[in-house]
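Student: One-letter residues, chain by chain:
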Amino acid sequence: MSAPEGPDVLTHEQASAELAAVALDALPEAERARVLAHAAQCELCQRELRSLSAAAGALAEAFDPTPEELAAAGDLGRVRSRVLARVAGDRAARGAAPPDAASTAIPAGPRLVRDEEARPAALRPLDTLRPAAREATTVRATPRRTFGGTGWLAIAAGLAFVAAAAGLARVTSERNQLREQLGAAAAARSAAEDARRRLAADVEDRDRLIAQLTGPKVRVVELASTRTRAPSGRMFWDQAANAWTFVAHDLPTPATGRTYQLWVIARERGVTSYVSAGTFAPRPDGSAIVRATYALAPGALAAIGVTDEPAGGSPQPTTAPFIAGNATE
Amino acid sequence: VAAGEEAALAALYDRWAATVHALARRVVREPSEADDVVEDTFWQVWRQAGRYDPARGSASAWLLTIARSRALDRRRARARLREETEDSPETLSGVAAEGELGRSPYEMAEAADRRRVVKAALADLPAEQREALELAYYGGLSQTEIAERTGTPLGTVKTRMRLALQKLRDRLAGHAEALA
Numbered sequence: 001m002s003a004p005e006g007p008d009v010l011t012h013e014q015a016s017a018e019l020a021a022v023a024l025d026a027l028p029e030a031e032r033a034r035v036l037a038h039a040a041q042c043e044l045c046q047r048e049l050r051s052l053s054a055a056a057g058a059l060a061e062a063f064d065p066t067p068e069e070l071a072a073a074g075d076l077g078r079v080r081s082r083v084l085a086r087v088a089g090d091r092a093a094r095g096a097a098p099p100d101a102a103s104t105a106i107p108a109g110p111r112l113v114r115d116e117e118a119r120p121a122a123l124r125p126l127d128t129l130r131p132a133a134r135e136a137t138t139v140r141a142t143p144r145r146t147f148g149g150t151g152w153l154a155i156a157a158g159l160a161f162v163a164a165a166a167g168l169a170r171v172t173s174e175r176n177q178l179r180e181q182l183g184a185a186a187a188a189r190s191a192a193e194d195a196r197r198r199l200a201a202d203v204e205d206r207d208r209l210i211a212q213l214t215g216p217k218v219r220v221v222e223l224a225s226t227r228t229r230a231p232s233g234r235m236f237w238d239q240a241a242n243a244w245t246f247v248a249h250d251l252p253t254p255a256t257g258r259t260y261q262l263w264v265i266a267r268e269r270g271v272t273s274y275v276s277a278g279t280f281a282p283r284p285d286g287s288a289i290v291r292a293t294y295a296l297a298p299g300a301l302a303a304i305g306v307t308d309e310p311a312g313g314s315p316q317p318t319t320a321p322f323i324a325g326n327a328t329e
Numbered sequence: 001v002a003a004g005e006e007a008a009l010a011a012l013y014d015r016w017a018a019t020v021h022a023l024a025r026r027v028v029r030e031p032s033e034a035d036d037v038v039e040d041t042f043w044q045v046w047r048q049a050g051r052y053d054p055a056r057g058s059a060s061a062w063l064l065t066i067a068r069s070r071a072l073d074r075r076r077a078r079a080r081l082r083e084e085t086e087d088s089p090e091t092l093s094g095v096a097a098e099g100e101l102g103r104s105p106y107e108m109a110e111a112a113d114r115r116r117v118v119k120a121a122l123a124d125l126p127a128e129q130r131e132a133l134e135l136a137y138y139g140g141l142s143q144t145e146i147a148e149r150t151g152t153p154l155g156t157v158k159t160r161m162r163l164a165l166q167k168l169r170d171r172l173a174g175h176a177e178a179l180a
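If you're matching them up, the sequences are chains A and B in order. Per the numbering used here, the very first residue in the first sequence carries number 1; after that it's consecutive. Per the numbering used here, the very first residue in the second sequence carries number 1; after that it's consecutive.
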């Protein structure tokens, strides 16, 4: 690639000021091209653009459509048929010719040169700094089997189911408080717009939580302590939404460098598997709420347990659970 | 095998089509055009499943990144065609597995964690900086459009966007280091 020349060439200062806009696709194409032309020969800008693009890309993880937006999704069934028909046709075409020969462009509308594929070669690998990815690899592992299975179930066995009213009342009152705050904040208008948005999101979140605790298809597993001090926990499994909500009380603070990890113990076809539902630390008052989404076959849940693990969690439990609950019916 | 791959795509569609539609709608406005974006998105997923790398983010984030791109194409459409490279959809069932179907709670927790971290980092930004980011990313607006929409000088929008994305990047990097 030859060096661009002429009045359109940006200085380093000009170009670096626009890198965020490039990463967010917020520049007209001509300007974008000028910034990229500079970046193509400036290692500093390349690095910066790579990390800013990774940060912008992480925003896709946090997209939060409103329930109204989800409900407003048009006739997705019709679109579904269209997609699957195209896919079936593609399958058939590929079956008739070697993959290399099947070179059709994606017949979408006209498009700008804005994608990763269209960037200068030097800018291509935009993945080196993606924090979410690094975060993921620190704990990624395949949680399956091992760790003396029968012990867990023995500890968990025979513990009673208790009414879930206390935890629910607490969540409900928190939610009511939030709703009151929401009303007050809305009155304060412009200055409080920011607070209002956060509170509205919180209320929505709590509403969802309440639904997941009280829905018609929610199963509750009670966890009791195997130690002298009496932490307790309760797992709500909303089978309709595949939502798991764990509420615990009176948990001691984990030791330095240690964390608590929540496990769903499943047993299918005689095989017990330990699947992590996440690590957590209790609040100062010893309470904790952990939420996860996971589809599990209705009959496969054997038990729920919490273990004390090294910070960052473990792919498999390394200690015996200090609270556990049997879920077999 | 073919039937399995198609079922995997259908499963992904059933789980995420409404979310993809919601994002597309924000960017293109027109409901029927959002339908087209949904179709484009899942078609591209089918053709490019081999490009999906779970280490780089959740399947839903990958889908939404594609959807945003396709929606922006339509929004800022110009008569310009580009050759698409071909990828064979060999690993689609792997993508669907990541798409929370048969995903382990462990991986689910990771996805939930990523989402929580990004949302927290976003919530920590000053309101006007966050607004600039959100309008650009989730609304697909250019800086000029954001300036018009918010009645803010273009230079201010540029500054906000730059500060916002730098802060977001630093927060996320800090978080990754804390875990490493």
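In case anyone wonders, no lab produced these hints; they're calculated from the structure. Just to be clear, a hint being listed does not mean it is correct.
To be verified - Quick look at which bits of chain B chain A covers, simulated, 3 or more residues with Cβ under 8 Å:
#1 24-36
#2 40-53
#3 61-74
#4 114-126
#5 146-153
What the hints assert, rightly or not - Residues of chain A placed beyond 10 Å of chain B at every Cβ, according to the derived structure:
#6 C42
#7 L76
#8 A255
Idealized CB from N, CA, C, for every residue including glycine.
Student: Need the list of violated hint numbers for this structure, in ascending order.
Tutor: As far as the earlier hints go, 5, 7 are violated by this structure, in ascending order.
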